[in-house]
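Enquirer: So the chains spell out like this:
Protein chains: 2
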Amino acid sequence: MKLLLPDTVSLSLQLPAGWDAVVVDSAEEIPRQHWDADALATWGPSARHLDSAAENLRALQLVQSLSSGVEAILRRGFRPETVIANGAGLHNRTVAEHTLALLLALVRRLPTALEHQQRHDWSRELGGIQKLHPGDRVTTLLDARILIWGFGSIAQTLAPILTALGATVTGVARHPGERAGFGVVEAGRLQDELPATDVLISVLPATESTRGVVGADVFDALPTRALFVSVGRGDVVDQSALISALRTGAISGAALDVTTPEPLPTTDPLWDAPNLIITPHAAGGRPVGAERLIERNLRALGGDGTIQNRIDRSAS
Amino acid sequence: MKLLLPDTVSLSLQLPAGWDAVVVDSAEEIPRQHWDADALATWGPSARHLDSAAENLRALQLVQSLSSGVEAILRRGFRPETVIANGAGLHNRTVAEHTLALLLALVRRLPTALEHQQRHDWSRELGGIQKLHPGDRVTTLLDARILIWGFGSIAQTLAPILTALGATVTGVARHPGERAGFGVVEAGRLQDELPATDVLISVLPATESTRGVVGADVFDALPTRALFVSVGRGDVVDQSALISALRTGAISGAALDVTTPEPLPTTDPLWDAPNLIITPHAAGGRPVGAERLIERNLRALGGDGTIQNRIDRSAS
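Chains as they are written, first to last, in my numbering: chain P, 1 to 316; chain H, 1001 to 1316.
Please note that a few of the clues may not be correct.
[What the hints assert, rightly or not] Covered stretches of chain H, going by a simulated chain P footprint (3 or more residues, C-beta under 8 Å):
no., segment
1, 1062-1069
2, 1153-1164
3, 1243-1250
4, 1254-1268
Keep in mind that the hints were calculated from the coordinates and are not lab data. Where a beta carbon is used, it is the ideal one built from N, C-alpha and C, also for glycine.
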C-alpha cells in the first residue's frame, strides 16, 4: 500500500504494516510511477496537483487533507469511492494562540505602545497607575465578558485559556446548549448578548449563511468599549461596516487575521482603519498532530476503526 | 477606629465592625482632622503624603500599601510599633497578563505585522503555510521551553497559562525544588539551562544581588532563536548588553515593561534596538483584590488572624 505525502510539511509517521510513504511535490502533477497510490495526504496542494490526482490515481482510497477546508478538493471530481477527510482539529492550538495574541495586543494597547516607542516617548497614559475597568475601554481580560461566535474545536481550545485569564466566555452557535462546559446561545439571540459584551471573537466558517453576518447591526449593538477579533474566514465580516464602526468609535478596536479578499489589495481602505490590527492569515498554517490523524485513517482503511474527519460527500 | 483610603483607586470595602473609612488625597499631606487615624492604605502616595503620615499619625497601627514594593514607605521613619504590609499578590494577574501579551506579540511577530500593515503589504513571509518549529525562530509557545527567573507569585500565576498553551515551564530561583507543581532550578545553574531555552522571562525584584544579572553572559548562552521578556524591575537587566544582543542577533527578540531609569530618557539607545518592544511600566498599576487584603488586615489588628504581607522591619 502506498501513501503519497506532501513536501510542504515535515512529518514523521509510524505507518501501519504494509504501508510505504513517498514524498511528492505538492505544486506539481503526481509522477506516473506513483499513480498506483492508495492514499494521498495534502497540505497546500496546487490545483494541478489535485487535478492530476483525481484523474490518474485510479486505486486511490483516501484523500487526507491537513486543512480544515476541503472545498478545492471536493471540486476536483475524485471518484465517489475515494474517501475525503479534512484536517479539522489540527489547527486548534495555533489558531487559538494567534487569537489570544491579537486580543491581548488590543487589550494591552501594544500598537499604541509601539507608536510611542518610535517617538522615544515614555507614555504616562499607558503606564503607571491605571483603573482596572475604566469603563470606556477594555484594559484587561479579568472580568471581561467574551462572546465567541462559532463554537467549534478552535473556540473550545481558546475558551478555557480566556477563562484562566479571568474572562467569562459564552459561545454563539446555531444550536444553544452547553459545549465543553461553556454556555452556548443560539445565533438568533446574539443581539440580546451584545450590549453587555466586552469582546466579540468570530471563528465562523465561510458558508452561504455566514457571509457578512458581522455587520453594522452587530457593531452598533456592542458597547463602545468593545473589541472585535476575527480569525475564522474573512467574508463573514462586512468590512465597510467595520471600517465605519472603527472610524466613528462604535467599537474601540479590532484585529483581523482574515480578510476579503486575500491577499488584501494595497488600495483597500481597511489597511488604514483606526485601532485595527491586520495579520496576513498567519494564525494557523502549521498542522499540529497530522501524523496521528494520518496513521489513524490509514488503519481505518484496513478495517481498524473509522475514518476521522470524513467529509459527507453526498452533501456536496 | 479610622481607616484612611487613597483617592487613587476605587475600593468598595466591607469594613469590620467599629471601623470607618475616609478617602484622602494621596498627593497631599494628611489633613489635621484625620491625624487620629488607626490605619492608612496607600496607592501611589507622594513623598509629602507619607512624610506627613509618619510625622503626624501618632495612633497609626498599620500602613497597608497596595504596591509590591514598600522601599519608599520604609524610608519615612514610621514608628516601630506601626505595622507595614505590602500589596504582594495584588498584581499577579495583571502582570501575568501583560507578560503573556508581550511574549505572544514577539512569538506572533505583531510589530512586524504592523509595519507591513502600514505599508499596505500582505506579507507572504508572515502568513500562509509555515513551519511549526523553523529552528531559527520561536513562532509558537507549543513545545517551547520557557525559563522564568524569579519564581514568586506572579510567575506561579503565569506558568500554568503558558503550560496550557503547550509550553514547558521551569523556574529559576535562589532555592531549587518544586513550587506550585513546577520544577525550579537554582540561579547558579542557570547557565546550564540557557542553551536549550526558547524564552527567558525575568520577574526578578530589584535587590543588591539582582542588579544587572541579565547580562552578556546570559544572552550569549541563549540560542539565537531565543526571546527575552522582562517585567520585574528594570535594573535587573544590563541594557547595554541587551542592545548588543539584539543588534548582533545573539537573541531574536525582547520585550521590556521595565527599564533603567524610568521614564526612559528620549536619548536612550534602547528605544531603537531592533526586535524590541518597550511598554512604559504598564503591566500592573491596578491592584486586584485590595479590598480583601485590607479587610483581612484590619480584622487582624483587632486580634482576628495574622497580618498578611507584613514586612519584617527588623531586616531593613
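Enquirer: Hint by hint, note whether the structure agrees.
Expert: Hint-by-hint comparison with the structure:
1. 1062-1069: violated (count 0)
2. 1153-1164: holds (count 3)
3. 1243-1250: violated (count 0)
4. 1254-1268: holds (count 6)
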